[in-house]
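K.L.:
Protein sequence lines, in the order shown, are assigned to chains A and B. For the first sequence, counting from 1, position 322 maps to 322 in the numbering used here; every step adds exactly one. For the second sequence, counting from 1, position 24 maps to 1024 in the numbering used here; every step adds exactly one.
Hints were generated in silico from the structure; no laboratory data involved. A few of these clues could be false.
Stated by the list, open to error - Cut-off 35 angstroms, straight-line C-alpha distance, at most; resulting in silico cross-link-like pairs (DSBU-like, lysine-lysine): (1) B:Lys-1235 / A:Lys-161; (2) A:Lys-225 / A:Lys-114; (3) B:Lys-1235 / A:Lys-224.
For clarity, every value in this text was computed on a predicted model and none was experimentally measured.
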Amino acid sequence: MIIVKGIGLIFWLLIVPSCIGLIPVRWIPEEKRNAGVVFTGGYLMMLSLCWLVTVPCILLVKYYSFRTMAVWFTALSLLAAALGVGITVWTCRQGKWVSLRPEPDFSGMALEVKIEWILFFLLIFWQLYKAFTLASFDGDDAEFVAQSLVTQQSETMYLIKPYTGGTTSLDIRHSLAVMPVWVAFIGRRTGIHTTILAHSILPFVLIPLTYTVYYEIGGHLFKKKREYLPAFMAVMALLQIFGNVSIFTNETFFLTRTWQGKAVAANFVIPATIWLLLWIFDREEEAETQAGLWALLCLANMTAGVCTSMGTFLNVILVAAVAFWMMVAERKFSILVKAGFACAPNVIYMFLYLFLHV
Amino acid sequence: MYGIFMESVVIFKNYVGGRYLIVLFLLALFYLLFAEKNKRRRAMLVYMPISLLLAFFFPITRKAFVRLMGEGDTYYRILWLIPMGIVIAYGGVKLAGSVSGRWEKGGQWAGRLTLVLLAAAVMCGGTYVYASQYMSKAENPYHIPQKVIDICDVIAPEEGEERIWAVFPTDLVYFVRQYDTDIQLLYGREMVEPKWQYAEPVHTVMNHPTTIDIGELLTLTRERNCTYIVLPYNKEVSENPENFGLELLDTIEGYPIYYDPVAAQIIEEKFG
Chain A
1 MIIVKGIGLI FWLLIVPSCI GLIPVRWIPE EKRNAGVVFT GGYLMMLSLC WLVTVPCILL
61 VKYYSFRTMA VWFTALSLLA AALGVGITVW TCRQGKWVSL RPEPDFSGMA LEVKIEWILF
121 FLLIFWQLYK AFTLASFDGD DAEFVAQSLV TQQSETMYLI KPYTGGTTSL DIRHSLAVMP
181 VWVAFIGRRT GIHTTILAHS ILPFVLIPLT YTVYYEIGGH LFKKKREYLP AFMAVMALLQ
241 IFGNVSIFTN ETFFLTRTWQ GKAVAANFVI PATIWLLLWI FDREEEAETQ AGLWALLCLA
301 NMTAGVCTSM GTFLNVILVA AVAFWMMVAE RKFSILVKAG FACAPNVIYM FLYLFLHV
Chain B
1001 MYGIFMESVV IFKNYVGGRY LIVLFLLALF YLLFAEKNKR RRAMLVYMPI SLLLAFFFPI
1061 TRKAFVRLMG EGDTYYRILW LIPMGIVIAY GGVKLAGSVS GRWEKGGQWA GRLTLVLLAA
1121 AVMCGGTYVY ASQYMSKAEN PYHIPQKVID ICDVIAPEEG EERIWAVFPT DLVYFVRQYD
1181 TDIQLLYGRE MVEPKWQYAE PVHTVMNHPT TIDIGELLTL TRERNCTYIV LPYNKEVSEN
1241 PENFGLELLD TIEGYPIYYD PVAAQIIEEK FG
């Protein structure tokens, strides 16, 4: 039974998102294609897809809405994964080999750099070990984790108060941030209690996911001096471990409430947005194709809303601030316009939020 | 406006927690302002963070935030947008690289020393997350107290049975429904968080600092079809609960668990 559950976890948390992440690869500049982009891109797409399926089910399906959501999301996720594989095969058949660089490449690496990588991986291992062996108390779990469990056990979404179990009218404030439903979905497909899933298993995916984003950021910042990358990564890992200067920092959220939507927004979506903005704007010559990166930026904006309603608002500020300074640096007004279009999902989300509130 | 500005200052102080990591960030920002020659990176890693930091302290931003979000408690999240970690790591490693390339002899060692100093500054200027008061050894894969699981296993309905209503002491209410949502609570976390200042009669009785008035408690719980009562381990009760017809099912880690047959009878009469 444990083996079946383990296979289910690997399938839904690694294989499916990685296959979905193959979809935009063809439209990303060749030198930027690597396994990390596929994995992070896959999560951005999968969580966005989850939102597109879940919200209509919440609003339109009266009884057992989670059951309907689970059927549709399973079908569409598998279809998207098949599409990712199909596009890759088709591209290869056209003679345009989609090569994914293995990262990090240890061959020909200096001993000092290898030691720094080892140090970094030890720090990651320490974080994963602590995530499994330590329990972190956070009052918000009574809402977030219980919401996932209510969804899994009652098959309804946002109609039962997670704190007490009393019935309620649709909880609009939380219902657009569907991260607990995604956790419930993984619980449903793997047969694992969502509290175990959130507290003991998801950190093993979400922590590496965040470091994959930092890896891409560091890889870009030090693309001409790759030997500095492991030092950058090790300092980033140290900052996470020692970033608990207050209960409010994103680092504290990262390691004490890894599974909560707001922690994912602060430590995956916001860094991923910075990473994509870096890739889009910080380039030496016009790349042949940026479409995939803009699409991923749109998806990052959507994923922000999956994690928390405030994430939608925060990501708009971030994109606007970066676009403004890029416009000043490049003297191109079109940058603001393009960035505005990338924020279209956020605008739609906010209108939907206001519309449902009124 | 000055008052709103000072509120933002307090929020910022609470966020940085009186530790020195923020100084490290400001130093890295200052270093990159001069050392980063790529104008796009300077825009993204220097000007953007500075402008967001200024916007954070600007009273109109806070007013707009509160207006849009309907609350000001989460204003600190604007600071999440400032990539402090990335700026510290990039600035520090860039500085180490620059030091390393400065001298032909011993330059590499100087670079390594810079990195070691950076790591030491992060460790000394920050706070070790696993030493947090909110962290404890996990007792099970659920990462919730084992006593909650044991209590829930005593009272949880069997497969196919109706959900039940229960009352738990305030220190346990956070965890019950993370384990089993077939157990419904007369009050949950929303009542026990002091900052929300909600009032709920059953919670008021249970939350009495020293003594729980059993008669008053049962009047309220029976009105609301509650069949299970878990009492705190550290409080007195006004009378023996068994005098009111309660049955003691078990005592787990000092928490007595009672079944109320009178409430069950009331439910039977009401709903058949």
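K.L.:
Work down the list of hints and note, for each, if the structure agrees.
P.N.:
Taking the hints in turn, this is what the structure says about them:
1. B:Lys-1235 / A:Lys-161: holds, 29 angstroms
2. A:Lys-225 / A:Lys-114: Holds - the C-alpha atoms of A:Lys-114 and A:Lys-225 are around 15 angstroms apart, at most 35 angstroms.
3. B:Lys-1235 / A:Lys-224: violated, 66 angstroms
Hint violations for this structure: number 3 only, all remaining hints satisfied.
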